[in-house]
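J.: Here's the letter readout for the chains.
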Amino acid sequence: MVVKMVIEVRSQPFDPWVELARFQAGSHLVPGSYGACATFVGTMRDFNQGEQVETLFLEHYSGMTEKLLEQQAEKIKSEKKLLDFLVIHRVGQIHPNDPIVLVAAWSAHRAAAFDGCRELMEYLKSQATFWKKETLDTEHEKEHRWVDNIT
Amino acid sequence: MVVKMVIEVRSQPFDPWVELARFQAGSHLVPGSYGACATFVGTMRDFNQGEQVETLFLEHYSGMTEKLLEQQAEKIKSEKKLLDFLVIHRVGQIHPNDPIVLVAAWSAHRAAAFDGCRELMEYLKSQATFWKKETLDTEHEKEHRWVDNIT
Amino acid sequence: MTITVRFFASLSEQLGMKEITVETDSIQTLSDVWARVTDQTPPDSLLCARNHAYVTFDTAVQDGDEVAFFPPVNGG
Amino acid sequence: MTITVRFFASLSEQLGMKEITVETDSIQTLSDVWARVTDQTPPDSLLCARNHAYVTFDTAVQDGDEVAFFPPVNGG
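Residue numbers (this note's numbering), protein chains in the order written: chain A, 6 to 156; chain B, 6 to 156; chain C, 26 to 101; chain D, 26 to 101.
Quick caveat, the hints were computed from the structure, so don't treat them as lab data.
Positions of the beta carbon are idealized from the N, C-alpha and C atoms, including for glycine.
Careful, some of the hints might be misleading.
So the derived list for chain A, only partly shown, Cβ under 8 Å to chain B, looks like this [stated by the list, open to error]:
(1) L25
(2) V46
(3) D51
(4) Q54
(5) G55
(6) A113
Here are the in silico distance ranges between beta carbons for each label pair [unchecked claim]:
(7) B:R27 <-> A:H100: 16 to 24 Å
(8) D:L40 <-> A:H114: 43 to 51 Å
(9) B:D20 <-> C:G89: 23 to 31 Å
Listed below are several chain D residues computed to face chain A (Cβ distance under 8 Å; list not exhaustive) [to be verified]:
(10) T46
(11) A60
(12) V98
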């Protein structure tokens, strides 16, 4: 059986806890084999850089984004002897409190799971080809701005 | 409104993803306030130190365990400006693939969530008053052993 | 004074005791409590607590205290 | 040769282009591609890719390549 990590860019809302339950119940992970799962969920806040944010538009470079994340996940998985990775990232129009990203790493032991999850998340933030445009909730009219820093 | 972290020792099986969904849907976290949630789930493996493990008995010092975890969670929460913590730990008879521990930390930003979750988990492993006794699946008879190292 | 003494995990099995109440005025520290309840030399790795907080063996005890002795922990 | 050139996010808005196809034999590197499609000086923070992999501006292009220019990323 060839087990493949799941790296997915999705334009519809998702519930990270439902996705994790579904993934663990699937054929990916052998019951009893993993002792550790570290996850990170990034959620849209309604404030950024001191301003009230109404919506967020997330653009990505389809094809390149997935390829980069798959390559990096494979690299980290082999370096740290991880058992599996699940990555889901939203694109398109996003509202406050929507989950934006889920990264989960499974391993026999906890250090590898913690390290693997965080490393992939830092890579995603700094390298994966996503861009954010915020619509601000100003008094008079809608203001749009591309986010120009890594938060 | 006084928001209180949840630190719980439980003798019945739990599903970490269901607990996380329930906690987030409750009154603890203000929607839009948190950008980051880092979690760790420790699950019972069916092997340890080279041996097949059939069941695990988890003993704890009721009262002291909860007090230590609450104090440490409060300390980390205030140091790292976390928004909330959820900790659930199983005790009693445990079977392979059962979740043993869930630690989740919410924050506005990801570094605090990652650091807070890991720090509390390391404290739990090294200081919280839990002890594990394994029943090994040997050929002839059941063998019992207290685990004498931190895995 | 009255001290409640508790033992956990492998230590509890080795000593054959889970909980014992000591009534005496001749003890001052947790070391005295240990010596009062067992003849055994304390294991090198022994840990102890007073009223649900980690303490050292030379910590003083008071009437009504709950004292505990246990091996290194390993939850999670 | 034929090169597909793509632009993303704020850069795409500034240049008013999302995708453009360049047909010429007079270009060798990604810098040449940039100069061919716009008069603007490349922003200091400009990033580029060739066939879905990050590359430097002096990387050579070949017939059929997909080349992309974009600002710093910030997903998650």
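J.: Taking the Cβ atom of L40 (chain D) and the Cβ atom of H114 (chain A), is their distance within the range 43 to 51 Å?
T.: With a Cβ separation near 49 Å, L40 (chain D) and H114 (chain A) satisfy 43 to 51 Å, so the hint holds.
J.: Was the hint right that G55 (chain A) lines chain B, CB cutoff 8 Å?
T.: 13 Å, violated
J.: Hint validation: T46 (chain D) versus chain A, beta carbon distance must be below 8 Å. Holds or violated?
T.: 17 Å, violated
J.: Hint D51 (chain A) vs chain B: min CB-CB distance below 8 Å?
T.: 3 Å, holds
J.: With chain B as the partner, please determine if L25 (chain A) meets the hint condition of a C-beta pair closer than 8 Å.
T.: 5 Å, holds
J.: Verify the interface restraint on A60 (chain D): the C-beta must sit less than 8 Å from at least one C-beta of chain A.
T.: 22 Å, violated
J.: Tell me if A113 (chain A) is really an interface residue toward chain B, meaning its C-beta lies closer than 8 Å to one of theirs.
T.: 7 Å, holds
J.: Using the nearest Cβ pair, does V98 (chain D) come within less than 8 Å of chain A?
T.: Given a least distance of 5 Å, the restraint on V98 (chain D) holds.
J.: Could one say that the CB atoms of D20 (chain B) and G89 (chain C) fall in the range 23 to 31 Å?
T.: The hint (23 to 31 Å, Cβ to Cβ) is violated, given that D20 (chain B) and G89 (chain C) are roughly 41 Å apart.
J.: Would the hint on Q54 (chain A) stand, with a C-beta cut-off of 8 Å toward chain B?
T.: 12 Å, violated
J.: Does the CB of V46 (chain A) sit less than 8 Å away from some CB of chain B?
T.: OK, holds: V46 (chain A) within 8 Å of chain B, min 4 Å.
J.: I want to verify a distance hint. Is the separation of the beta carbons of R27 (chain B) and H100 (chain A) within 16 to 24 Å?
T.: Between R27 (chain B) and H100 (chain A), where Cβ atoms are some 22 Å apart, the hint holds.
Hint compliance for this structure: hints 4, 5, 9, 10 and 11 are broken, all remaining hints hold.
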